[in-house]
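*Asks:* I would like the entire structure built from these sequences, with the hints used as guidance.
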Amino acid sequence: MKKYTKSIGVGFSAMALSIGATLVQAADTIKVGVLHSLSGTMAISETTLKDTVLMLVEEQNKKGGLLGKKLEAVVADPASNWPLFAEKARELLEKEKVDVVFGCWTSVSRKSVLPVFEELNGLLFYPVQYEGEESSKNVFYTGAAPNQQAIPAVDYLMNEVGVERWVLAGTDYVYPRTTNKILEAYLKAKGVAEKDIMINYTPFGHSDWQSIVSDIKKFGTAGSKTAVVSTINGDANVPFYKELANQGISAEDIPVVAFSVGEEELSGLDTKPLVGHLAAWNYFMSVDSDTNTDFIDSWKAFIKDADRVTNDPMEAHYIGFNMWVEAVKKAGSTEVDEVSDAIIGVTVPNLSGGFATMMPNHHITKPVLIGEIQDDGQFETVWQTAGAVMGDAWSDFLDGSKDITADWTAPLACGNYNVKTGKCSGQNY
Amino acid sequence: MKLGPVTQFLMNDTAGKYLLSVLLGIALVIPALNLMMPEGSALHVSTYTLTLLGKYLCYALLALAVDLIWGYCGILSLGHGAFFALGGYAMGMYLMRQIGDRGVYGHPELPDFMVFLNWEELPWYWFGFDNFFFAMIIVALVPGILAFVFGWLAFRSRVTGVYLSIITQALTYALMLAFFRNDMGFGGNNGLTDFKDLLGYNLQSDTTRAVLFVASALSLVLGYILCRYIVSSKLGRVMVSVRDAESRTRFLGYRVDKFKLFVFVVSAVLAGVAGALYVPQVGIINPGEFSPINSIEIIIWVAVGGRGTLYGAIVGAVLVNYAKTYFTAAFPELWLFFLGALFVVSTLYLPRGVVGLAEQILEKWRSRHAASLETSGQNATGQAASARDHSPPEDEKNDDAGTNRKSAVELSTN
Amino acid sequence: MRMSSVWLKRLLHVTAVMTLLTVNTFMIARESLAAVPDEELLAPMAELKSANFSKKAQLVVDLSNIEDERVLLILKGMLGGDLYYSKQSADSFFVLSSGESGYLAQNVLTAEMLSDISKRDYKKISVNNSLRRLLRETLASLQLRSPNVETRIDAARAMMKSDDESNIKPLRQALQAEESASVKKLLAVSESMLVARYGSSHERVDAIGRLKGELYPEVRSLLAGFLIERDGAFLEADSDVRKAAAEALASIEDLVAFNKGVENVYFGISLGAVLLLAAVGLSITFGVMGVINMAHGEMIMLGAYTTFVIQQLMPNHIDYSLLVAVPAAFLVSGLVGVIIERGVIRHLYGRPLETLLATFGISLILQQAVRTIFSPLNQSVSTPSWMSGSLEINGALSLTYNRLYIIIFSLMVLFALAMLLRKTLFGLQMRAVTQNRRMASSMGIRTGWLDALTFGLGSGIAGIAGVALSQLTNVGPNLGQAYIIDSFMVVVFGGVGNLVGTFVGAMSLGIANKMMEPFAGAVLAKILVLVVIILFIQKYPRGMFALKGRAAED
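Protein chains in written order, with our numbering: chain A, 62 to 490; chain B, 45 to 458; chain C, 48 to 601.
To be clear, the hints were calculated from the coordinates, so they are not data collected in a lab. Keep in mind that this is a model prediction, so the values were computed, not measured. Treat the hints loosely; a few may be bogus.
Unchecked claim - Which stretches of chain A does chain C cover? Using the computed rule of at least three CB atoms under 8 Å from a CB of chain C, they are: (1) 153-160; (2) 261-274; (3) 293-305; (4) 457-465.
As the list claims (entries may be wrong) - Some residues of chain A that are not near chain B, with every Cβ distance over 10 Å (derived): (5) T90; (6) D138; (7) P139; (8) P144; (9) P176; (10) E180; (11) K242; (12) V253; (13) E255; (14) D257; (15) K333; (16) T352; (17) K391.
For every residue, glycine included, the Cβ atom is placed at its ideal position computed from N, Cα and C.
*Replies:* Written out as structure tokens, the structure reads:
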């Protein structure tokens, strides 16, 4: 008996030591961390992004690597579990000693890893459209801020389609809440009355849309053109669109413009009844440009599936990765501080035939495209902004953040600077 | 040496004694190696390892709480994650209030997410959370009260077995949905995060982490002592009899519902404390912790470790979580296969968990060496037998039909 | 008088049949139908290639004014997004469709068919929403006199969306020529709507009066439009019209409210049917066998994936795919169920709570297996044509076909299961084993074998549920997780081991949820339902329909 418990004890401490033993790193590769969920609810979206980064790393190595070294991808699975994101981030930075991390999808996962990146001075490229209201020293936001997606979409509906009544439907979490708040303020500023805006929130993975779609239908019979602005997240979209189609709401009557529905979501859906519904993104697979054709070809070859599609967050990783490569070359080092200084102002081609520049607020410039869903699951661009739009970290339409600005270049070097009070608040360093 | 009655129960628990010494050892050695050894030294323990182990210790305390009710009283709660998360939220609220005006929007009172959702003032249930001691009372009180109300209703109307399991699951599911709502004032899906300091100490400094680690280890030690005390007392005996034959115990004149209620509340409070220790170490608390899958996972830790032994729960929690950490990094695409197989194999072949397996192996080994160890051997087997008293019988008696079934299966295969 | 009207009808009928025949002949020999020279059609079409959307709209109007049968084909092709032009030869336009193998292209001018073409050689003439709207309206006005009643109904219905004054005349002409009562009614509504917009003051008030009681959303939208107030002034200046509109709208709103209530009950029943399908398999494995099968959701998922695979195997027969998928899904999930029972659960009888752990492990393995085989993405399952759209009871109430079929299907499954349990030897043996295993075994029933079959049955039914759910929601690795908790709630609420209980449980939870949703919101409704279940179990610790007697004892 005594021996047996002792053996447990020994095992316990041996294990503790084995986790603790830091591996001696060979410094002949540059390590690229990939922090995307490969299991759990978010695997559906994030697995593709992991593959995208692996492809980009492979291509960079074919070109001879970076600074004379090979790149090495280190993949971890945070399993759609938010505290696990923080743990894995720490593992990548502290144990694996990666030089850069590409990762996260949901806002909560980003919020969860943020303190870790700030504490250990890591580098994170975040590729998904998000609610803004953040600018961290250690994070580069390559997805769209609300002013790069939501506001142009509403402008399009208002000016080109003549919409006067608005349904803002979203999943109940921070991205839809913020976006809808910004849009509500924006619409009111444009003279839309309170009664012409209907706001509706549903839980994650909501699957029974009968009542809500019926309500939308009723809301749309008040005499003026109605549109739905959807910030419905991921899995809930398929049953939502199916219900729309079955209750006979066509895009000609009540168009739905979505900010979270891309080519990949549509590939899991029979799109025939959805033709004409809209999405606002910064990239569509159907965009006609040489860089895009090359990208699609190499993606299909890499994933060995001719039917796989590309989407906006993939483009964001493409841009982010190339920006990082350029910045490393410019800095001649992978040191986080040097790279973060070097990357501001770096311009690389995007996939829609233009260029993306990293701004001092750690957001990038993007064109905004509005597309209509086609029956082959692709989008047809029906409208786009004249030039690239600069990502705005702090929305001008929210009371709290109107006066806040982000600029990481000297002398300000602050992600949260209040121009009225002249104070830089909310910083952890 | 004369021992007081208080410590007597511990001296009978050999495995526990060793476990406690290991825990105390870890509580001293790991933080010391983290703080004192220079980085790069072979003996250095990285902060990553320290927080990881700290997290395991919190899980272990949670598993201990579940083992107390499941292993000893037969209450299979599929909603214990709820008590853990409630404790975590109480701690999170305290930490949120500590941010003060250092938030993103620089509001002197309201947390960022409230400023952002246009809340004018702090909701009433947030008052007092700027006081550490008040928050700590709430950490224990809220899970305790919820467990009391829920348990009082359920045990009084004799909801047992799978029915109880399913409604505990409904409880945590309902709470998860509720906390997801932004209107609840707990930060919605994002939960509470961006913590800065605890009692004035920076949460990101190594010293604070080390102190939190020591606190978790000590809480686990105290929790273990408390649970061991309960199960070795007369109360513990009644609990075991409730587990094995609830009706018979009732007919003997025991108020079964009161015993169950007491132990259920104790377990919930322990889970709440575990949650409160967990939150500052991982830096976030959100409604995902309420998810029913998490609660099922806790049960699995206990089952893998060995149910009804207390130390088994601790071993199981650490083991499964270590496996999870290892597999998610080493085989990110395949780890669910490993984890799934682990559960299937351990229920099929290790009905008494890893601890049970170890005991078996030990027994074999001992009988082989019985001749050489005759004198001390007698003593040891006696102790092993007394430890086995506490472990559950192979057949669960709380399902007569099931027992019939098993014997029937045996009959048909014979 | 009476006689003559009958004769007139017959005469009309004969002429109608004759027109039908002539049109058909024309369809066959399309060349002869070319009323105008090809050049006249080609001129606007050539411009379509490069025009922007507003130019395209003008061209569509131009085309529609050309009196030629071929215009219909062109506009229809354009509406469906199937109108392409060849990249090689100028001035050749095609309507593409998918045939048995590859694409077919029909030349719009010559009606000549090309098969097995490569889509790369063609470029699509793109359309957007406003263009689609215009095309639909234009086609409708062209088809108001179509020989086919169905087409006329669709056209007349589509005309309600029109706000084009020039449509009043063709509508009136169509009304006079029309003989079908149902088409006439629709035409009259469309005509009144246009008059209500564009007539003189008293014509408008009259027209609005005729719209009283019409429940079509377009009518409501039109009337409500008259009452809109902007910046303190009404958009509609005529106060008589406003008064009439308000009156008509009020009469409509009452009916709409009633229909909304009926619709809500329907929603509740359909949610109940989904819950019933998801839970009925569980009520067998959990209720009858006492196995807490956490992998039940994954059995549903397997059924849904089977549907996907079947549709991949028969891409040209989507309409029949579900009929094949139902037995296939039953077999696949059932087989997996039998394997799980023989491999794992068999060893765990008598330890019901441990089956929970083992099956949870299995559910993780199955989820990851599906992720590895099919990728973590959702798969696209098409809806057969007979399941899409809705059954329009009246303008304000329409029942979606997919839900309707699922309600019927769930009842069929329940009935078949009840028959199986009551009327067959297998059912008899199953019930015997449930009630007294040792006795049943002594009577010569092979209980081990029966357990496997029972578990297979429960899993197979879950697979069937997967087929139904594939029509409503995502087919992805997380499908099962979404339904497992709800299924447990239904079974526990209804009472374990009892089909009637499961039925009543599912329906009451479904309806309660939908009744609460309008005023509590989707999330709160769900929370309230859970709280109700928790409290309900306190009162009835064995569910609504608890087993009584010896079987119920602990």
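*Asks:* Look at each hint and say if it fits the structure.
*Replies:* Hints, verified against the model:
1. Taking a C-beta to C-beta cut-off of 8 Å, the segment 153-160 of chain A contributes 0 residues in contact with chain C, too few for the three needed, and the coverage statement is violated.
2. Only residues whose C-beta sits within less than 8 Å of a C-beta in chain C count toward coverage, and the segment 261-274 of chain A has 10 of them, enough to reach three; the restraint holds.
3. Closer than 8 Å: that is the beta-carbon criterion, and the segment 293-305 of chain A has 5 residues meeting it against chain C, so the requirement of 3 holds.
4. Given as covered by chain C, the segment 457-465 of chain A fails the check, having 0 residues with a CB less than 8 Å from a CB of that chain where 3 are the minimum.
5. At roughly 17 Å, the least C-beta separation between T90(A) and chain B is larger than 10 Å, which holds for a residue marked as non-interface.
6. At roughly 4 Å from the closest C-beta of chain B, the C-beta of D138(A) falls inside 10 Å, breaking its exclusion from the interface.
7. Not every CB of chain B is more than 10 Å from the CB of P139(A) (nearest about 7 Å), against its label as outside the interface.
8. Interface exclusion of P144(A) from chain B breaks down, the closest Cβ pair being 4 Å apart, not more than 10 Å.
9. Under the 10 Å C-beta cut-off, the non-interface status given to P176(A) relative to chain B is violated; the minimum distance is some 5 Å.
10. Interface exclusion of E180(A) from chain B breaks down, the closest Cβ pair being 5 Å apart, not more than 10 Å.
11. The claim that K242(A) lies off the interface is violated: its Cβ sits roughly 8 Å from the closest Cβ of chain B, which falls inside the 10 Å cut-off.
12. The claim that V253(A) is not at the interface with chain B holds, since no C-beta of that chain comes within 10 Å of its own (minimum 19 Å).
13. Non-interface status of E255(A) relative to chain B is upheld: no Cβ of that chain comes within 10 Å, the nearest being about 15 Å off.
14. For D257(A), the requirement that its beta carbon stay farther than 10 Å from each beta carbon of chain B is met, with the minimum near 20 Å.
15. For K333(A), the shortest C-beta to C-beta distance to chain B comes to about 33 Å, beyond the 10 Å cut-off, and the non-interface label holds.
16. With a cut of 10 Å on Cβ distances, T352(A) stays outside the contact zone with chain B, its closest approach being about 30 Å.
17. Distance check on K391(A): its Cβ is at least 30 Å (rounded) from any Cβ of chain B, clearing the 10 Å threshold; non-interface status holds.
In the structure shown, a violation is registered for the earlier hints numbered 1, 4, 6, 7, 8, 9, 10, 11, in ascending order.
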